[in-house]
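Kindly produce the complete structure, drawing on both the sequences and the hints.
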Amino acid sequence: MNPVLSISMLVSRNRDTLEKCLQSLQPFFDELQAELVVVDTGAPKEAIELVKKYTDHIVSFAWCNDFSAARNAGLKACTGEWFLYVDDDEWFEDVGDLIRFLKSPDAKRYQRVCYVQRNYSDFSGENYDDVNVERMEKRTGHLHFEHKIHEELTPVEGDIYYSGAYVHHYGYVYQNEEDRRRHNERNLTLLREECRVYPSDLRIQLHLLQELLIQGMYEEAKEKAQQQLAFALEQADVRAGNFFSWLCEMYVKCLFLLGQYDVLFDFADALQTLPDCACLGKLTGCYYAMLACVNQDQGSKNYLYADQAYSLQNVLISQPDLLEQQEIQGLRRYTEKECREVVLQLLSIFAYQLGKREESLRLINELTFQYDPYALAHICQDIKAVLQEN
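Position 370 of the sequence shown, counted from 1, bears residue number 369 in numbering that gives the first Met the number 0, the numbering being contiguous throughout.
If a hint is listed, it holds; no wrong ones were tucked in.
Result set (SDA-like, lysine to any residue): computed pairs, CA atoms no more than 20 Å apart in a straight line:
#, residue 1, residue 2
1, Lys336, Asp128
2, Lys383, Asn364
3, Lys383, Leu353
4, Lys107, Glu30
5, Lys300, Phe255
6, Lys147, Leu201
7, Lys383, Glu365
8, Lys355, Leu386
9, Lys137, Asn71
10, Lys102, Leu31
11, Lys383, Gln352
12, Lys51, Ala72
13, Lys75, Ile148
14, Lys107, Gly95
15, Lys147, Leu189
16, Lys75, Val85
17, Lys75, Thr139
18, Lys19, Asp29
19, Lys355, Lys383
20, Lys107, Pro2
21, Lys383, Leu360
22, Lys137, Asp96
23, Lys355, Gln380
24, Lys75, Pro154
25, Lys52, Asp15
26, Lys107, Tyr161
27, Lys336, Ser317
28, Lys75, Glu151
29, Lys300, Leu375
30, Lys300, Ser310
31, Lys355, Ala384
32, Lys52, Glu30
Simulated from the structure, these hints should not be mistaken for laboratory data.
This is how it looks when you write it as structure tokens:
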């Protein structure tokens with residue numbers, strides 16, 4: 000009888016996190032009929048010895064700068080009804096929700112599972128972005144990976160179960176600048192190759208754009224974003240999709256970082272006129288336009304963009320299903336935590352400056368003052384004190 004779940008893991012050199020990863024998977028083997036298939040892409044001997052405590056199903060793979068080829072080698076060896084793939088630089092906090100799902104009758108009506116990848120930006124564990132990732136699928140004979148980097152499992156279709164499970168991921172935190180440089184150069188080289196092979200694949204083009212931004216290549220990133228926008232703006236189905244929101248975010252971020260505020264304002268205004276543009280895409284435009292206004296002191300325009308951002312946040316917060324549908328690459332952060340507080344702080348100040356006293360106080364009362372990246376909390380507290388006295 001085939002197992003309920005096959006787990007495939009690439010193992011390379013992440014010895015420190017490998018054991019945490021393996022330990023976090025143990026409940027699957029304790030409570031389900033599950034198998035672990037490890038793909039050895041060049042791991043040191045001690046790492047493989049550790050793996051052997053959990054499985055003897057190890058696939059040797061000669062690394063060829065192709066993540067999909069390595070993933071496919073693991074997938075080919077799997078026999079489970081469901082397929083889950085993980086890396087050795089991440090580990091689950093708790094897999095209880097996934098186990099309950101697989102044991103429940105609901106598992107029969109779903110074909111795909113999303114959970115959260117918590118991407119840390121430093122070793123403190125305090126700064127991170129949460130991103131929905133689809134890493135668990137019903138296994139079929141046609142399932143395979145594509146792309147040498149930022150590989151994609153395809154074909155995938157059917158209903159998605161959104162799990163509360165999440166993994167800790169430190170893959171974007173580096174021990175030193177040399178490790179960062181080497182990682183970035185590898186990514187950029189592979190992404191340029193993939194974009195030449197798949198010129199019409201918006202997803203892989205956006206990953207290249209993201210890498211250009213990460214490496215501070217803002218002018219090239221802006222040109223790449225403009226090329227993709229020219230294509231996307233002609234197609235309503237693309238404008239309404241998740242990738243368009245991500246493209247909007249990266250384009251306005253480029254304009255903001257380059258100080259090209261007038262172009263940013265024009266683009267943010269144009270987004271609001273597109274009826275078939277996803278709310279999250281419009282929100283990213285308003286958010287960066289609002290920040291640009293602060294840098295330029297645009298007067299009443301300050302209030303306009305902050306108010307638009309606030310209204311769009313409210314739409315998405317009040318409709319979590321809509322937010323879930325539009326979420327990609329952690330864009331939901333524009334509705335949560337720090338970004339929400341930034342909008343509330345700025346809008347309350349702008350409302351006060353325009354004499355909108357009641358609105359300013361209402362907004363300030365929504366603040367938690369937990370997040371204060373612009374050091375504005377004390378200003379809002381001063382305004383609140385004045386308004387309450389009057």
